[in-house]
Amino acid sequence: MPYVDGFIVPVPKKNLEAYIRISKRCGKIWREYGALDYREWVADDVKVGKFTSFPRSVKLKPGEVVVFAWITYKSRAQRDKINAKVMADPRLKDMFGDGTSPPFDGKRMIYGGFESLVKV
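If you count the sequence shown from 1, position 11 lands on 88 in our numbering, and the numbers rise without skipping.
Worth flagging that the hints you see were computed from the coordinates, not collected in a lab.
Note that the structure is predicted; figures quoted are calculated from it, not measured.
You can take every hint at face value.
Below, in silico cross-link-like pairs of lysine to aspartate or glutamate (DMTMM-like), each with a Cα-Cα straight-line distance of 20 Å or less: (1) K105 / E117; (2) K101 / D182; (3) K170 / D157; (4) K136 / D182; (5) K101 / E117.
Given these sequences and hints, build the entire structure.
Dropping the structure here:
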């Protein structure tokens, strides 16, 4: 049964191009190890809700945008194996091994793994 890792990330608009470059590199690594799909989307129509919303969920600041992303796998077992390989891959470590910060605030990133529930 398919399995998905989902992410919501606040990205400063001024860092969006750098984020895209890193995301493309990451996506290639995940796909190389067997992920079925790697997608990232930038918010176009997400209003701040009264109680909950995408912007509220990541404590969006002025000058930032919400990025919504997912990685699809054949199963959770496959996801666990792929993620272990990705996290050990030196290319991933090299992206920030020089002491530079990622182009987003990782402390406000929301992520988790999801089982398939409905497919129409």
